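> Going line by line, the protein sequences match chains A and B.
Once you know that position 378 of the first sequence is 377 in numbering that gives the first Met the number 0, the rest is easy, because the numbers rise by one and skip nothing.
Once you know that position 174 of the second sequence is 173 in numbering that gives the first Met the number 0, the rest is easy, because the numbers rise by one and skip nothing.
Just so you know, the hints here were simulated from the structure itself, not pulled from any lab data.
Nothing here was measured: the structure is a model prediction, and the numbers come from that model.
Any given hint could be a false lead.
Chain A regions said to be covered by chain B (calculated; three or more residues, Cβ under 8 Å) [said to hold, decoys possible]:
1. 29-39
2. 120-130
3. 157-171
Computed list of lysine to aspartate or glutamate pairs in EDC-like fashion (alpha-carbon distance at most 16 Å, straight line) [unchecked claim]:
4. A:Lys95 to A:Glu38
5. A:Lys51 to B:Asp54
6. A:Lys106 to B:Asp54
7. A:Lys231 to A:Asp219
8. A:Lys286 to A:Asp338
9. A:Lys98 to A:Glu137
Backbone N, C-alpha and C fix where the C-beta goes; we use that ideal spot for every residue, glycine too.
What follows is the residue order along each chain.
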Amino acid sequence: MRIKKELYSFLLVLIIVFNIHYVSAGLGITPAITNVNFEPNMSFLVNYNVLKADPNTTLVVYADGDFSEYVTFDKTSLIGQDGFTTYVDLPVNATKPGKNRLYIKVKEYNNQSQGIGVSLEVGSLILIQVPYPGKYAEINSFSADNVNEGEPIHFHLDMDNLGSEDITPDSKVDVYSDGNLLDSYTFPTKTIATNTVESFDITSDKEYKSGSYEAFLTVDLKDENNKSNVIKDNVTFNVGSLSLHILDYTREANKSKINPYTIKIESTWNNDLKSVYAEVNVTKDNKQADFFKTPSVDLKKWEKADLQGFFNAENLEAGKYNANITLYYEDKSLSKMTDLQVYDPEVPRTNTTMLVIVGMIIGNILLVIIIIVVYVIIKRRKNARKNKFKKRQ
Amino acid sequence: METNDLFAILGTIIIIVVMVNISVTYMKIADFKKESTGNYLTYVNLSINNYVGLDMIRGDLDWGPGSIASGSVNATLYTSGDNQGIVNRGNWSGTTAKAFIVRNVGNINSTLYIQAGKNAHDLFNSATGSNEEYMLNVTNKKANSCSGGAVLGVWTNVNKTGMGTKYCSEFSSLSGSNELYIDVLLTVPLDSNNIGNLSDTLTLTATASG
Numbered sequence: 000m001r002i003k004k005e006l007y008s009f010l011l012v013l014i015i016v017f018n019i020h021y022v023s024a025g026l027g028i029t030p031a032i033t034n035v036n037f038e039p040n041m042s043f044l045v046n047y048n049v050l051k052a053d054p055n056t057t058l059v060v061y062a063d064g065d066f067s068e069y070v071t072f073d074k075t076s077l078i079g080q081d082g083f084t085t086y087v088d089l090p091v092n093a094t095k096p097g098k099n100r101l102y103i104k105v106k107e108y109n110n111q112s113q114g115i116g117v118s119l120e121v122g123s124l125i126l127i128q129v130p131y132p133g134k135y136a137e138i139n140s141f142s143a144d145n146v147n148e149g150e151p152i153h154f155h156l157d158m159d160n161l162g163s164e165d166i167t168p169d170s171k172v173d174v175y176s177d178g179n180l181l182d183s184y185t186f187p188t189k190t191i192a193t194n195t196v197e198s199f200d201i202t203s204d205k206e207y208k209s210g211s212y213e214a215f216l217t218v219d220l221k222d223e224n225n226k227s228n229v230i231k232d233n234v235t236f237n238v239g240s241l242s243l244h245i246l247d248y249t250r251e252a253n254k255s256k257i258n259p260y261t262i263k264i265e266s267t268w269n270n271d272l273k274s275v276y277a278e279v280n281v282t283k284d285n286k287q288a289d290f291f292k293t294p295s296v297d298l299k300k301w302e303k304a305d306l307q308g309f310f311n312a313e314n315l316e317a318g319k320y321n322a323n324i325t326l327y328y329e330d331k332s333l334s335k336m337t338d339l340q341v342y343d344p345e346v347p348r349t350n351t352t353m354l355v356i357v358g359m360i361i362g363n364i365l366l367v368i369i370i371i372v373v374y375v376i377i378k379r380r381k382n383a384r385k386n387k388f389k390k391r392q
Numbered sequence: 000m001e002t003n004d005l006f007a008i009l010g011t012i013i014i015i016v017v018m019v020n021i022s023v024t025y026m027k028i029a030d031f032k033k034e035s036t037g038n039y040l041t042y043v044n045l046s047i048n049n050y051v052g053l054d055m056i057r058g059d060l061d062w063g064p065g066s067i068a069s070g071s072v073n074a075t076l077y078t079s080g081d082n083q084g085i086v087n088r089g090n091w092s093g094t095t096a097k098a099f100i101v102r103n104v105g106n107i108n109s110t111l112y113i114q115a116g117k118n119a120h121d122l123f124n125s126a127t128g129s130n131e132e133y134m135l136n137v138t139n140k141k142a143n144s145c146s147g148g149a150v151l152g153v154w155t156n157v158n159k160t161g162m163g164t165k166y167c168s169e170f171s172s173l174s175g176s177n178e179l180y181i182d183v184l185l186t187v188p189l190d191s192n193n194i195g196n197l198s199d200t201l202t203l204t205a206t207a208s209g
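Hey, can you work out the whole structure from these sequences and the hints?
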């Protein structure tokens, strides 16, 4: 009996492990997401296409999730890449406010009889937004345009009324700089019907100096009995000036060759800048070692870019040099004096930054040890004094 | 001034020096990092029809013939990514047994579930109810492909209830991070009551995240 059972087991494992396989290569569905606002008794349809399916694969179509019992299809079985239509007949009432997720799924029909297989299934989402009872809204977007000095600032607000009642919100924007309130603006009053999005716009009547500012939005939906129901948002906006920032630059060069020299720049201007280039004058002890120009680049507003030239260090001595970078843009220029270390590749270099870091870490450890030693000495002296005092008593 | 007071003053000075030193060290490390890196990323947005899709990049899993080692109550076979399959207490070759690989070929992130049709006992029905296992281990083939679901890199029993186990709330659609390994582990019991043609289907479900 036992021998028979072991024989069966042997055959069993042989079958199991030998027949592991999969069904097909891929499966997809489009569209992936459909957004719908709930309305009582509303009917709608969505056309779907199945992608990437093997031409011979049988597919099953079904609905899953919220409102799935209200879904019908023109066909529930497909072969390969095909299309189908989903019909949704929503009920009079919805029980769950907010986002309801209805999935339209397509699944490979697997009729294999042995082994372990893989079957693919994909689900498209129908997001049904059911209104919240009473007054409820969300801010879809709040923005403040970047501008240049002297230009008015435009604030834009999109609000989505997701509640069951129409709303007439009070909305205002407070503009801050370094934590100080500068100005307040009030959006025009407008009624937003349920399940609709409304846009609000306002333009400042003041001019701001260049810099970064924060705009804080406060929207009061005014609940029943005029009780405050506030939602907030904030955004940063920049006021630009016709200038550039030098963010970084090459700091080292090999004395035995012509070195690429890179200057990273950033525009602080809210318009495009054309033909920006740099000149670099490399000197040592007030004697010119090299002079080169970079090709010009065009910068979009607030854009960062690299200017790249070539520094010839072939006939120079190793050591520290001064590199005077001058940027040219529009009819302006901007200079910055920087250091440039020319090194000899044949002389082993010590990484000074790493040495400083290691030295400081060791220094910190030593200082901590000193503190512990001092603490122990103080403790011991105190104890000694106490003992001495007790002996005297 | 007493000696203790002197020590206290000395201690305070040392603490201040340590704090300053730590601050400078921190700034130096920040500078060093700044000097050592220089990567820039740009993104281009395109508006096209969105779709959800999966591709089985590797769907074959073949252990070849074999049997449980004499004197053992079970044999365990499991895959390990792109490596050769591993066999304990059995003589299967495992040479070509490698993990399933699934890729998100859609153009939006999706939520990934894996559901089995049977659990280990359904599959083997061992007389003692032990010595049988049927497990999965999901890991990123490409870094950051999967997030927000079950713990990755851990063997867990297959799940046959509902839609199965949610392994990724966000299965990325970015081409550099859209592939997963699905390793399979089977512990085959010697006292199995199910004999003959055994089968099961792992259903991989990708739904639009939203």
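> When the hints from earlier in the document are held up against this structure, which numbers fail?
3
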